[in-house]
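The listed protein sequences derive, respectively, from chains A and W.
Using the working numbering, you'd call the opening residue of the first sequence number 7 and step up by one each time.
Using the working numbering, you'd call the opening residue of the second sequence number 7 and step up by one each time.
One or more of the hints may lead you astray.
So the derived list for chain W, only partly shown, Cβ under 8 Å to chain A, looks like this [what the hints assert, rightly or not]:
1) Leu-364
2) Thr-662
3) His-668
4) Asn-715
5) Leu-749
6) Leu-754
7) Leu-780
These stretches of chain A come out as covered by chain W in the derived footprint (C-beta under 8 Å, 3 or more residues) [as the list claims (entries may be wrong)]:
8) 711-718
9) 744-751
10) 754-764
Since the hints were made in silico from the structure, they are not lab data.
Beta carbons: idealized from backbone N, C-alpha and C, even for Gly.
Below are the chains, spelled out letter by letter.
Number of protein chains: 2
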Amino acid sequence: MATKWTYGFADGSAKSVELLGGKGANLAEMTSTGLPVPPGFVITTEASNAYLDAGELPPGLWQQVLDQVARLEEERGQKLGGASNPLLVSVRSGAAISMPGMMDTILNLGLNDESVAGLAELADERFAWDCYRRLIQMFANVVLSIDGEIFEDELDAEKRRAGIINDQDLPAESLMKLVDSFKATVKEQSGAEFSQDPLEQLKLAIIAVFASWNNRRAIHYRQQNNIPDDLGTAVSVQTMVFGNMGETSATGVAFTRNPSTGAPGLFGEFLTNAQGEDVVAGVRTPLEIDHLADTAGFEVVSRRLHDIANQLEHHYRDMQDIEFTVQRGELFVLQTRTGKRTGQAAVRIACDLVDSGLIQPADAVKRLEPEQLDQLLHPMIDPEFEPDILTTGLPASPGAAAGEIVFDADEAKRRGDAGDAVILVRRETSPDDFHGMVSAQGVLTARGGMTSHAAVVARGMGKPCVAGAGELEISHADKTITVNGRVLTAGEVITIDGATGRVIDGAAPMVEPQVGGDVARILSWADDIRRLGVRANADTGHDAEVAREFGAQGIGLCRTEHMFFGDERLEAIRRMILAQDSTERRAALEPLLEMQRQDFVEIFRAMDGLPVTIRTLDPPLHEFLPHTDEELQEIATDLGVDVDVARNRVAALVETNPMLGHRGCRLGISFPEITEMQTRAIFEAAVQAQNEGVAVTPEVMIPLVADVNELRLQRETVDRIASSVFDETGATIDYHVGTMIELPRAALVADQIAAQAEFFSFGTNDLTQTTYGLSRDDSGRFLPMYVERKIYPVDPFVTIDRDGVGALVEIAVERGRGARPELKLGICGEHGGDPDSVEFCHLAGLDYVSCSPYRVPVARLAAAHAALAFPDS
Amino acid sequence: MATKWTYGFADGSAKSVELLGGKGANLAEMTSTGLPVPPGFVITTEASNAYLDAGELPPGLWQQVLDQVARLEEERGQKLGGASNPLLVSVRSGAAISMPGMMDTILNLGLNDESVAGLAELADERFAWDCYRRLIQMFANVVLSIDGEIFEDELDAEKRRAGIINDQDLPAESLMKLVDSFKATVKEQSGAEFSQDPLEQLKLAIIAVFASWNNRRAIHYRQQNNIPDDLGTAVSVQTMVFGNMGETSATGVAFTRNPSTGAPGLFGEFLTNAQGEDVVAGVRTPLEIDHLADTAGFEVVSRRLHDIANQLEHHYRDMQDIEFTVQRGELFVLQTRTGKRTGQAAVRIACDLVDSGLIQPADAVKRLEPEQLDQLLHPMIDPEFEPDILTTGLPASPGAAAGEIVFDADEAKRRGDAGDAVILVRRETSPDDFHGMVSAQGVLTARGGMTSHAAVVARGMGKPCVAGAGELEISHADKTITVNGRVLTAGEVITIDGATGRVIDGAAPMVEPQVGGDVARILSWADDIRRLGVRANADTGHDAEVAREFGAQGIGLCRTEHMFFGDERLEAIRRMILAQDSTERRAALEPLLEMQRQDFVEIFRAMDGLPVTIRTLDPPLHEFLPHTDEELQEIATDLGVDVDVARNRVAALVETNPMLGHRGCRLGISFPEITEMQTRAIFEAAVQAQNEGVAVTPEVMIPLVADVNELRLQRETVDRIASSVFDETGATIDYHVGTMIELPRAALVADQIAAQAEFFSFGTNDLTQTTYGLSRDDSGRFLPMYVERKIYPVDPFVTIDRDGVGALVEIAVERGRGARPELKLGICGEHGGDPDSVEFCHLAGLDYVSCSPYRVPVARLAAAHAALAFPDS
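The whole structure should be built from the sequences, with the hints applied where relevant.
Next comes the structure, spelled out in structure tokens:
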């Protein structure tokens, strides 16, 4: 049997996307559903591949095309190239995997010097000649490879001659002249006349679309997106329909439900006697879709559209976005696709569809995108508002905030505490700015990436942050920001949008978070589905409470160093750091013990019944050091030494690469009294809370372990101090000791380390830094360029790098569980709140993810998505 | 059959070290060789284990001991505890694996109130009573666990009473009194008399030695050295012989060849009528062994000793170190072991033994330790000299050097170039100090580890360096060093010993390197044996020549950035770094092109016919930046900008963690014009050299690749520029493009990277830093403590960490070769010259190691050792 190279839309519905391409299969499916789709046919990907292999159309193809055209002509009662009521078609590419804009399309095919008159009869002269000049232009460009600029120049020249600015104002006479001049250009450039034979037009167009599979941008796109080169493209040939053929024609767009709110009922707009382009050009104001029923001549069409909307929702079991055209009273559906929607609408629609029995709860969970959910958890800029954008930085912590520019953390605290809305603007933030960040509405930095100090701390607080806005030039001396030639002064109001990275002049109107009961419903369905546990990173009792409200099942990371950032505490820790010997150090630690114990009691209370993982001191000590001469003088006075002595002691602590320096367990091993104090604070707090009736399960976590001996030594200290506290108090606490896996070596020797660890928590921030040899503090100078140019497929600080960092996690899981099958495994890096990374954690077989309190709902949803996509992991 | 728990020395020779312990097996072997060993027997490790399990001597053991003692008494014609001519024995532990000093020994066993008189008859009264009081003291301590301090106090009191300072001056009467008082002490402390029954003494001593297997220091030692706890210890019981029984007795030590020079002929010394301790105490001056033949009564003994020496060398096929005693004309060999020797002696002896047919060339190679060879390649401090050691730092670059203290690199250059010997003393060095290091005799730093800038650069130059001497306090203002309370001023002379880390006051006498023809012979044998290639890291034509003389088979790493440290070049590169755009940058690169081209031509000439691997620019740019205000002013003038502008531009380049910052291929991707310039310099130089008749094979190496896309982009640049140069010159050069594997991610995705790389070179310095999350610049604050406490089993910057870094290398080898079987693999980190790391490279299947020119011979030897130890890798 001869190969079947073409399928009419009506008989292609059972054929695969591989054969018909995405667009062709979709047209076939709509047609078979009984929708009034403008008729047409699909030429298969096999035909395209055969052409590309042989360099000529495969035997039989052209005859099949002719048969299909004949069928269309018969069905529509029109003729391709006919002098009256002519049939026009579009020729479009359509691969199995969408490659938007990469390949070529030709519209209005079938027009020639005769049929243009026929089209003018049906619509109007201007329109017909505009279609004709567009066809020649497109055909010349796509089929004959003539530089499009030449035609644009001629068009511009004609507009100047006619004294006209917009294309759509060109009169028919001008367009006729342009057709002549375009035809002359074609002759001149290609050596041949623009073909007046519609079938020759069609054949050449089909060949050109086949060939466009191998144009440079398509090849590049496939490389970038890992699309195989041998898929080939299908070609759809479809009858053109027009909404501008008089007062019974129209064009419009309809959503089957409100895409902003999710409310049921058709939503959209239409224009009579118009084409889709007219809506875009804004020449006339479209009407709301409700008015279709009131519009003379469209009563039946309106009913039919409602029916179709209903039918489509039932067929696709989701809200649809429908493009339609009415040609002389005949309704055509041009396209239907799942409608885009806001987070709020997504939640409502999903719940409504569950309630109507159209989908299952798991489908509702599947359809809510994590980023849509995240939208709902933060205030956002009114989507209707058109902002004056100063610059765009990194979307470092979601939510929007407006406030006066403040450059100094102290001032931010003072003003913020006084009730003013301020945005703290810094080149980059440091722990010294913490109090200012707490009191500001949001944070804007010129340097630093998605995991810079500003970003991490802001996300932890659920506070909007735009980081690394590199175009900002900040002058602290002048108290000004210069950005793209504009100067803003302290006190002027800006708005930052942490969801998009936009920095906006003035105060943008906000939409408050919409967390209704429907969100809770979907999240509870998600909880039923997911296998991964979700914990939160929280350092205070308050954060722990917030986390619990958001559904956290424990604390996965309590950073004890964040507790040191109060004024009084900073002083104490500085004394500790600058101590010259163990005795001085113990004395300095004494007051910190009191403070930390109280912090831990509050956290234990908030997490009653849930595990709390507490990490011992981690950062390089010099993070706590003074930066200014004044602070240095204070410290010198405090220590009772000369300011030069203090300066020397501080200088001795400065490191070339602090990230790879004297930090983490290296501190606890060099200065065991630090670990001793922290352990004592944890267990005294645990006993106190337990005595109050709180159920406590502390998990002590040792950071930056590279070798099992480090963990062994620190574990000995923890066990020893825990026993002392139990002896002193007569109480016993169930506790665990484990470690961060945040260095490549730790992952590689995880079997050895597991012998000393009851749990692993992957610190994927540091693991990413060391695996890539990439400092997140310094990456701003090239990482954005790398991500933009896809040198790195993703920003590895945002989404876990599965090939590298992920491979180490997998090695550690395998070796760790091999040595200790009951080993508990979690992740507490920033990735714990990133949906793609959560999926990875699910696949890697971790027990839980831990993220900032405000990301907990997102992580719950993402974990459910992962479980739905990979039920066997 | 009853278990055999004991073996006479004469019938134990076929038994294993596991059963008899190292010492016991050795005594048995010597006895069976026909050597006159004082007779005795060994109690097996099985007996010890049986005792330790059961808590009592196993059945049959004691009877076997009695039988062995009876045999000894018969053989020697003596009786244990006899009133005349008494038999005395030693009881010693001896495990299968040597644990020196960890377990207990008892000498002179068999003495009691009667036999002491018998011993006095044989030797003299003083000696006999001294032996007796020693026995009681040792027995009390080892068997009865009485604190040894008590006896020392009594001894001191007696010395005071007798008005005597040295033990050996105590008269017999005093010793008799001490024996009485020691016995009283034993009674008082243990509740029982010191046993007068020699067999009871023996039984208790055997049990005590058994039990010493489980004393605390032995357990700790086994833990530290990974020795299994269930080996148990054997016990040797051996007849005591004495060299102090009159004028026909003597004691001595003999080497079968000269251990300093390796010259043939017996070498050593002896004392008549003396014990080994007398030699140590220095009471009398021993005579050279040659005089033994002239000494009355020793003619026969001398001949016998020469015969034995010869016999032992033939038996052990190596130079022996023999302890002997002559008791009343009868020669006994107490011990023989392979003699320690200098590097020079090792080489000569090995060659002589090959020439005499006693060993094969492979044996000669095996016996030369890499560190002995290294000694030969550098001047060293006269081993006879006793230096006044100021402090000890890290042995960062071998060789010794003396010179005046200089604190400033400019001064070091000026003075050094003027012919003065100076030692550059810095807190730590930076690229700015390079010119000073070149002109100094050696370098001493207070900070930094084995792979600090000072250490790496000094090793590269083959210049002595002591790094990280933490006790040094350097005051640049006062131009003084303070160390342990001593103050040295600029201009005073010190000596540094880069082989041991010693810093010595004054000029120590030196021994010049002794690289005779024998070294070359052994190295050529090594070359026949090794599988690994050996290349050198060299950045100049001069270094390349040196490397080739030392036997390098190519350049494994040419660091292009080292070429930038000349004055004029530094200026040019600073202009390049501070350029504001691509045009400025290209202009700044122009003069660098000329300079680099000339450098490469010289290197290609030196390596005619051998491959040269050139790495594109690697370090963080700010390494080249100015540090002082003067330099800043110069640059500002040079750039024609205000000094504040220059300062801001410099400040913008400062990084938090430069090691993880904008460096390596990230520079070449951000600023392609840098890679373009360097590639052009390489290929223009290659063409020029080829036109001169030089055979060139450039290998262009891209640093710090984390993702294959980085390599792809840089490779495209290299290939493009290479083609242009070929087009311009009409020449073609065979070249290769590859990458460093120095980030964990690169190792993990080595299969992807191999698609773009013709070779991998493991940069294990950076790979160690990232795998451990450990900055070598900052590690000085805790790494020495870590290594000392064995928290890390080795300093991973000195010896490759096989479990972590090595695991990544193995992963990369497997994945890389899996994707591209012909992939060439090498290592160019500092580890390339470390013998243990070279062994790892052999095992991992690499093709070559590359190290500093001066380490090339060591690497050749180490590679041969690895091939001998693991012939199948």
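* **Restraint outcome when Leu-754 (chain W) is required to lie within 8 Å of chain A by C-beta distance** => 5 Å, holds
* Are at least 3 residues of the stretch 711-718 of chain A within less than 8 Å of chain W when you compare beta carbons? -> With 4 residues in contact (Cβ-Cβ under 8 Å with chain W), the coverage given for the stretch 711-718 of chain A holds.
* Asked: Should the interface hint for Leu-780 (chain W) be scored as holding, given a Cβ-Cβ cut-off of 8 Å against chain A?
  -> At 6 Å from the nearest chain A Cβ, Leu-780 (chain W) passes the 8 Å test, so the hint holds.
* To do: With a cut-off of 8 Å on the beta carbons, see whether His-668 (chain W) makes it to chain A.
  => Holds, about 5 Å.
* Asked: Minimum Cβ distance from Thr-662 (chain W) to chain A below 8 Å?
  -> For Thr-662 (chain W), the interface hint holds, since the closest Cβ of chain A sits about 4 Å away, which is under 8 Å.
* To do: Using 8 Å as the Cβ threshold, decide whether Leu-749 (chain W) counts as touching chain A.
  => With a minimum Cβ separation of about 4 Å from chain A (threshold 8 Å), the hint on Leu-749 (chain W) holds.
* Interface restraint verdict for Asn-715 (chain W) against chain A (beta-carbon cut-off 8 Å) -> Cβ of Asn-715 (chain W) sits 5 Å from chain A, so the hint holds.
* Restraint satisfaction for Leu-364 (chain W) [CB to CB of chain A, less than 8 Å] -> For Leu-364 (chain W), the interface hint is violated, since the closest Cβ of chain A sits about 45 Å away, which is over 8 Å.
* Given as covered by chain W, does the stretch 744-751 of chain A meet the bar of three residues or more with CB within less than 8 Å? -> Holds: 4 residues of the stretch 744-751 of chain A have a Cβ under 8 Å from chain W.
* Asked: Are 3 or more residues of the stretch 754-764 of chain A near chain W, judged by a Cβ distance of less than 8 Å?
  -> Check passed, 3 qualifying residues.
Of the numbered hints listed earlier, the single one contradicted by the structure is hint 1.
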